[in-house]
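**Student:** For reference, the chains in residue letters:
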Amino acid sequence: MAEYQTFRPKRKIFKWLYLYVFMWFTGRAIKIAAKVDAEVKKEFDQIPNGFNVALEVLPYGPAMVVGKNEEGQVLYLGGNVQAQPIHLRMVLHNIENAMKLFTFQESTAISFMRNRLYLDGEIPHAAAFVRVFDAVEVYLLPKIIAKLAIKRYPAWSPIRKFTGRIQIYLRAVLGF
Amino acid sequence: MRQTDYSDFICPIKFCSGALALETLPAELRVYNARKPLILFSNQAVAKGLIDPVQHAFNDSEMVCGIYDGVPEQPTLSTIQEISGLYRKNGHDALIAVGSGTVSTVSKVVNIAVSCDSPDLKKRQGDDQIHGPLRPFFAVPEASETGLATNGFARIDSLSFSSRHLIPDYLAIDPRMVQETSAEVIADSAMRAFSVASFAYALPESDYFVDPHAYLAIQTISENLVPVLTHMNDKKQLKDYLVMNDTEKGRLALTMAACLGGFLSFARPVGIANRLGEALSGALSHPSGILAGLLLPLALKVEKTLKGRRPEKLLLAIAGSDIYARTPASERGERALSLIRDLTESLFHLTHGAIPRTLSSLGLSKEMGVDAVSRMTADDPELDPKAALEILDLALLKEDR
Numbered sequence: 057m058a059e060y061q062t063f064r065p066k067r068k069i070f071k072w073l074y075l076y077v078f079m080w081f082t083g084r085a086i087k088i089a090a091k092v093d094a095e096v097k098k099e100f101d102q103i104p105n106g107f108n109v110a111l112e113v114l115p116y117g118p119a120m121v122v123g124k125n126e127e128g129q130v131l132y133l134g135g136n137v138q139a140q141p142i143h144l145r146m147v148l149h150n151i152e153n154a155m156k157l158f159t160f161q162e163s164t165a166i167s168f169m170r171n172r173l174y175l176d177g178e179i180p181h182a183a184a185f186v187r188v189f190d191a192v193e194v195y196l197l198p199k200i201i202a203k204l205a206i207k208r209y210p211a212w213s214p215i216r217k218f219t220g221r222i223q224i225y226l227r228a229v230l231g232f
Numbered sequence: 100m101r102q103t104d105y106s107d108f109i110c111p112i113k114f115c116s117g118a119l120a121l122e123t124l125p126a127e128l129r130v131y132n133a134r135k136p137l138i139l140f141s142n143q144a145v146a147k148g149l150i151d152p153v154q155h156a157f158n159d160s161e162m163v164c165g166i167y168d169g170v171p172e173q174p175t176l177s178t179i180q181e182i183s184g185l186y187r188k189n190g191h192d193a194l195i196a197v198g199s200g201t202v203s204t205v206s207k208v209v210n211i212a213v214s215c216d217s218p219d220l221k222k223r224q225g226d227d228q229i230h231g232p233l234r235p236f237f238a239v240p241e242a243s244e245t246g247l248a249t250n251g252f253a254r255i256d257s258l259s260f261s262s263r264h265l266i267p268d269y270l271a272i273d274p275r276m277v278q279e280t281s282a283e284v285i286a287d288s289a290m291r292a293f294s295v296a297s298f299a300y301a302l303p304e305s306d307y308f309v310d311p312h313a314y315l316a317i318q319t320i321s322e323n324l325v326p327v328l329t330h331m332n333d334k335k336q337l338k339d340y341l342v343m344n345d346t347e348k349g350r351l352a353l354t355m356a357a358c359l360g361g362f363l364s365f366a367r368p369v370g371i372a373n374r375l376g377e378a379l380s381g382a383l384s385h386p387s388g389i390l391a392g393l394l395l396p397l398a399l400k401v402e403k404t405l406k407g408r409r410p411e412k413l414l415l416a417i418a419g420s421d422i423y424a425r426t427p428a429s430e431r432g433e434r435a436l437s438l439i440r441d442l443t444e445s446l447f448h449l450t451h452g453a454i455p456r457t458l459s460s461l462g463l464s465k466e467m468g469v470d471a472v473s474r475m476t477a478d479d480p481e482l483d484p485k486a487a488l489e490i491l492d493l494a495l496l497k498e499d500r
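Going down the list, the sequences are from chains R and Z.
Numbers given in the numbering used here equal positions in the first sequence, counted from 1, plus 56.
Numbers given in the numbering used here equal positions in the second sequence, counted from 1, plus 99.
So that you can see chain Z by itself, here it is in the shape it has in the complex (with noise of 0.2 Å):
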């Protein structure tokens, strides 16, 4: 194994996941002498009747909360002048985001317009100009959760923010929370969170932090997905109302995978199968985690000529130490690429299509495709078009089976 000469890292979070997760929200917020909470709810979390349950956890506590329910989809600036009036007026002390994708950069965002001196979010933008720590902030995911709640991103408008301050105190995933009906939804989260995790594994080097980080998250997917989705619509049985049942823990799992994957993506920038995922998400009309799934062992396969990742180590934590142990080392790297394909080729079916398994069956044209990599470059002149272009280019070849 060749270690790295340099490493760095940050975890500030603590985790608590499991039965009662929720309830543990006001005792973690009496640790940081907070008592009365803004709770932002996103649209989506609002629809399926998450509030409930996180009154029901303030129940008997001294907390009066405040609640903000039905977070935008597409959230302005003037979002986060009302939020942040609410939250001055109403004399808050805390924020808590339930739900995923916006609501957790809504409340990040909100977090520095309340927690810092000047009110110009202009002066806050860009990599580490928050100084110091903000106020408490607390997030509950839903399994849709995208990544967000856990890094230290934010975007909003023309804005964007970057800092360690950003990345959640306390992070609560609760059972009630992460009872998602959609087979889809779940791949995504699940399948974005694998894309960054395997980027992070594969590279040429050991990291001390990253490493098992990502294995963790790569191995839980692995382990999880397939069963969750086999029998999320199966009927619960009476003793599954007394003790959580394998489906609703490796929900739980899953949702902690795509916690982990988000604070990857943090600590190491994102491979190019998530952000070409991204630039083709609007063209191609599929959430962007399902296409990174899909261009991942592609991408492997051309970044192990160009960069020297190492898909073979992504073997051990996809398939296991027996599968791992009698693959040959000269095989181990196609091996793990093939357990790839084999788990998206196994949501196409799980899902009776509504996943695809190849980019060339949702009408990838060149066109798309060179569009997608120019875009991608104009905003990130570091990147590398010959790889991102050579993986688009095997995916037209139909090689992504």
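One chain only, chain R, in its complex shape (with noise of 0.2 Å):
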């Protein structure tokens, strides 16, 4: 016999904490690597100053804001995408997508092929944008995992690597 229910969904509590984590921690990584690496600074001079871009996932975020001041600082500027003016979002659509992209099941490149994310602004600023977090992945996470996160593997020399690892993770733990 057939039978009519309404479902009301459930929300995906730890899948949502591991990307607010994920996102809160990477926000402050750029805002460091754009201090301590060249390349990575070079990507936000191109970006207009005043500029803000934001990684969110619908319906219900989370979400990361990185911008520039109009002194060209780089800033992390929390998880409240209403609080300031957006001028780049990206979008995941939903938190299952968010989640096979920041646990390093697919880089990005494949994420947008696969439509999971959207884009609404410009694009010269959001490749920007996406080589800057490949940058940061490169310092942030193992050669192993990291080779899955991104397009291609960079050939950066050791030192550069652990030290800009080292300079990130401290001064991202501790905010300065």
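Do not take every clue at face value.
Unchecked claim - In silico DSBU-like pairs for lysine-lysine, Cα to Cα no more than 30 Å straight-line:
id, chain 1, residue 1, chain 2, residue 2
1, Z, Lys113, Z, Lys222
2, R, Lys199, Z, Lys222
3, Z, Lys348, R, Lys71
4, Z, Lys147, Z, Lys348
5, R, Lys156, Z, Lys335
6, R, Lys156, Z, Lys147
7, Z, Lys222, R, Lys66
8, Z, Lys348, R, Lys156
9, R, Lys199, Z, Lys338
10, Z, Lys335, R, Lys68
11, R, Lys98, R, Lys203
12, R, Lys203, Z, Lys338
13, Z, Lys403, R, Lys71
14, R, Lys203, Z, Lys348
15, R, Lys207, R, Lys68
16, Z, Lys338, R, Lys68
17, Z, Lys147, R, Lys71
18, R, Lys124, R, Lys91
19, R, Lys156, Z, Lys113
20, Z, Lys338, Z, Lys348
21, R, Lys217, R, Lys207
22, Z, Lys135, R, Lys66
23, R, Lys91, R, Lys217
24, Z, Lys403, Z, Lys338
Hint data in this document are derived by calculation from the structure and do not stem from the laboratory.
Please read these numbers as outputs of a predicted model, since none were measured by experiment.
Put the complex together from the two separate chains, hints included.
**Tutor:** This is the structure in structure tokens:
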């Protein structure tokens, strides 16, 4: 006998928490990477001052906002996309897509190709932000995992990679 | 290659096939500004436990869904009235059909009932009597997909509808939904699509739009059906839980091909093999797709003479470019038919005889054939009974081996 029932969707709390922590740490790491890595700094130089980028997950978040202030400093602006004007939005359609991307089962390029996230803004700025994101992942992750997360693993010298990694981890945790 | 001088085609579906395809449903519903879908499950889908993955896909979305589990195998107009009433009463704004078979038909007719101003379905029956788009309608097929999900036909009680607006807006084929364990069901679905696509592709003139879709369906089924049935009961290795293995990819590909078959059956009239298969299905107690697969080489042989069909075109899609290039042009037609017979032979061995290899072994008699053909011609006066009888004569003469 057929039956009708109403289904109220549940929240995926643990996945949401993982993504929240990931985005919080990565946002702080981007801010530090812009100070310690010349390549990341160069990418941010192409982005105009006062420009904010948001990476968010629909429909309940979490989100990460990174931007440049009027003095040209790169800042992590927290997880509230309503609190400031956003000039570039990178939006993941749902939390499962975000988990695929941020547990490194798929690279950013593959995720874009599979329509797991969409872009609202200028493509050159988004490409620059993806390059920054890739560089930060190289700093934060061991090579075996980072190779899954990015398109091409860069041929950086060990000194650049390890000194950068130590600085980014320490300064992102301590917050300066 | 002889190109046609006239062609028309419509493909309004967005397809998504692969891991997390179900999770795309809430985002796609938002595209249609829908917030409260009604999800219909077939009885089979409920029995296979397919409600859980769909519910899981909607978790962490803001959408409150209605679930109607167990659309009957023999739905009537009262089923439509009941579901339409639930749709209106609970304020739903989209329909999702999960499963294969009648659940698609019911969803289409419910969509007519809830979208059109007049509740009288009789006004909408017939060809192209639905004027304007209906409410959003998504489909999630399973491995036993019959092609109903992707075409624009619906038939319930004595009412039949045909309209491009009945084709779903979105189709999500997810690995969790195609874990069918019965080889007969997978083979039935695949062979139905194979026959439809083969007839469409073997038309005397090449069509710009039908040919690529038909070629893709034939090639996909030829490449995947036997490997999937061979390895379907293999134990999963550890890496298979991390990365989709070839059998799972093959299952997805076969479901996709079944959907393409359904789509082709709307774009072009289905071949005589499928129609005879449907007419004989009840009497021979076998699924129509399996029977259509057995009738296909005979039907192509007869229609080559009567209607100029070109079975030689099929060889490239079935066997690939190497074998096609190695086979002399004059022998390609016969080689293609022989490969189709080999495919049905493989199905017979893989299922230990559960899928027959000849129609005569099922007890097909002359009377049964004449009865089936007379029913077919009563339904469709344009059908040529001569070709149908000739095909059945060949089957009775055991020339299908």
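**Student:** Just pull the numbers of the violated hints for me, sorted ascending.
**Tutor:** Those not satisfied are hints 2, 7, 13, 24.
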